[in-house]
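Here is how the chains run, residue by residue.
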Amino acid sequence: MATLHPKLSEERSQTVVSSTKSVKLKIKRSNPNVNSEERFDDYVVPIEKWTTVLDALLDVKSHLDHSVGIRYSCRQASCGSCGMKINGKPALACFTKISELDSDTVTVEPMDNFPVVRDLVVGFERMINNHKKVMPYVIRDDSEIDPESGMREFLQSPENVEKYIQFSSCIKCGLCNSACPTMAMDTSFVGPQALAQAYRYIADDRDKGKNKRLKVIDESHGIWRCHFAGSCSQVCPKGVDPAMGIQLLRGYLLGIRD
Amino acid sequence: MMVLRESIIMKIHYGTAIGALSLTVVHILMRLTQDFHESLAYENVIANYESVGYALLLELLLILISVHGFNGLRVILLEMNQGPTYEKAVTIGCLAAMAGLIAYGSRTIIMTSMGMV
Chain Z
1 MATLHPKLSE ERSQTVVSST KSVKLKIKRS NPNVNSEERF DDYVVPIEKW
51 TTVLDALLDV KSHLDHSVGI RYSCRQASCG SCGMKINGKP ALACFTKISE
101 LDSDTVTVEP MDNFPVVRDL VVGFERMINN HKKVMPYVIR DDSEIDPESG
151 MREFLQSPEN VEKYIQFSSC IKCGLCNSAC PTMAMDTSFV GPQALAQAYR
201 YIADDRDKGK NKRLKVIDES HGIWRCHFAG SCSQVCPKGV DPAMGIQLLR
251 GYLLGIRD
Chain L
1 MMVLRESIIM KIHYGTAIGA LSLTVVHILM RLTQDFHESL AYENVIANYE
51 SVGYALLLEL LLILISVHGF NGLRVILLEM NQGPTYEKAV TIGCLAAMAG
101 LIAYGSRTII MTSMGMV
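Chains as they are written, first to last, in the numbering used here: chain Z, 1 to 258; chain L, 1 to 117.
Simulated from the structure, these hints should not be mistaken for lab results.
Note that the coordinates shown come from a computational prediction; the quantities given were computed from them, not determined experimentally.
It is possible that part of the hints are untrue.
To be verified - Cβ pair distances, simulated, as ranges:
#1 L:I12 <-> Z:P115: 33 to 43 Å
#2 Z:G255 <-> L:G115: 43 to 53 Å
#3 L:L21 <-> Z:K132: 49 to 59 Å
#4 L:K88 <-> Z:V161: 51 to 61 Å
#5 Z:I128 <-> L:G83: 15 to 25 Å
#6 Z:H227 <-> L:D35: 15 to 25 Å
#7 Z:K61 <-> L:A96: 51 to 61 Å
#8 Z:G255 <-> L:G100: 24 to 34 Å
#9 Z:K97 <-> L:G100: 56 to 66 Å
#10 L:G83 <-> Z:R257: 26 to 36 Å
#11 L:T24 <-> Z:D142: 36 to 46 Å
#12 L:G83 <-> Z:D102: 15 to 25 Å
Every residue, glycine too, gets a C-beta built ideally from N, C-alpha and C.
Throw the hints in and build the complete structure from the sequences for me.
Written as C-alpha cells, this is what we have:
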C-alpha cells in the first residue's frame with residue numbers, strides 16, 4: 001500500500017486541526033455509462049478562508065470518498081480543467097473560494113450544455129470541434145521562416161494588439177458555453193467560445209483568413225443565433241467578453257466594419 | 001437548403017423591421033387626421049383602401065411584416081429542434097406560409113381598393 005510523503009501528510013493533518021469552520025459539500029453524482037441514476041452526495045469538509053471549492057473536493061477525495069470524479073490540473077485558473085456549476089453558476093473550482101460564496105452549503109454539479117462523462121467530469125468534444133472549425137490560428141500565405149535570413153517577425157502596433165488581446169486569454173474552460181442559453185436549446189450552435197476565438201483571429205491584422213472564418217460562422221446555427229444574453233461574459237474567469245466579440249463579428253458580416 | 005447566406009437573411013430581417021416600424025408609425029399617424037373613432041368607421045376604412053397611396057402603404061406593410069415575422073418564426077423553430085429534414089421542412093413551411101399570407105392579404109387590399117367589397 002502506498003504511503004503519503006511525511007510532509008504532505010503533516011500538511012493535511014494540520015489543515016484539519018487548525019480549521020474551525022466546515023461546509024456541507026453537495027456533489028452531484030452520476031455515471032451515464034452505467035445507468036441514468038443521478039443523486040447528490042453530501043460531505044462535510046473543514047475549510048479555511050482560503051479554501052477553494054477544488055481544495056474541498058480534493059479533501060473529499062482524499063479523506064471521505066475516493067470515487068468522486070473531477071477533472072483538474074493547474075489549480076491556478078490557467079488550464080481551464082475544473083469548470084463546474086457551483087451553487088448554480090458556472091465557475092472554475094480552483095478560482096472560487098468557499099468563504100466568498102457566503103453559504104453553509106456548496107452545491108457542485110457538472111457544467112450544463114456538455115455531456116456528462118462521470119460525476120463532475122464533462123466531455124469537451126463539441127466545444128473543441130467548434131473551436132477547430134473557426135481555424136484558431138493565424139492564416140497567411142507567407143511564413144515566419146524566411147529562406148534567406150532565417151526567422152522573421154510579423155510586427156504589430158500596440159493599438160492593433162489592443163483590438164484582440166483580451167480574447168487571447170481564453171483558456172477553453174467551457175464556462176461561457178455552459179452559461180449560454182442558446183447552447184442549451186440549439187445543439188448545433190457554434191457557441192460563444194468559438195465565436196470569441198473567431199473574432200480574436202479576424203481582428204488580428206497579421207491574419208488573412210477573415211473571409212474563410214466569416215463563412216464558417218455565417219450559417220443557420222452560427223453567429224446569428226446569439227441572443228446577446230451576455231451570460232458568457234459574466235462567467236468568464238479570465239475577463240474575456242465573448243458577447244462583445246460576437247457583436248463586433250456581426251459588424252463585419254453586416255458590412256459596418258472592415 | 002439555404003440559398004441565401006444567413007447574414008443576407010438577417011440584413012433583410014433587420015431592414016424589414018425598420019421598414020415595418022416606420023410604416024406602422026405613418027399608419028397610426030393617419031388616425032390623427034380625424035377623430036380616432038371616426039377614422040376607424042367602416043366608410044372611412046374603405047375610403048383609406050380606395051386611396052392608391054394608402055393601399056400601397058398597406059401592401060408594403062403586409063409584405064414587410066410577413067417577411068420579418070415568418071423569418072423570426074423560422075429562427076425560433078430552428079433553435080427548438082435540429083436536423084436536416086426538420087430544418088428543410090421549417091424553411092419551406094415558413095416560406096409557403098409567408099407567400100400564402102401575402103397573397104391572401106394582397107387579395108383583400110386589391111379587392112377593397114377596387115371597390116369589390
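* Asked: Which of the numbered hints are not met once you compare them with the structure shown?
  -> 3, 4, 6, 11, 12
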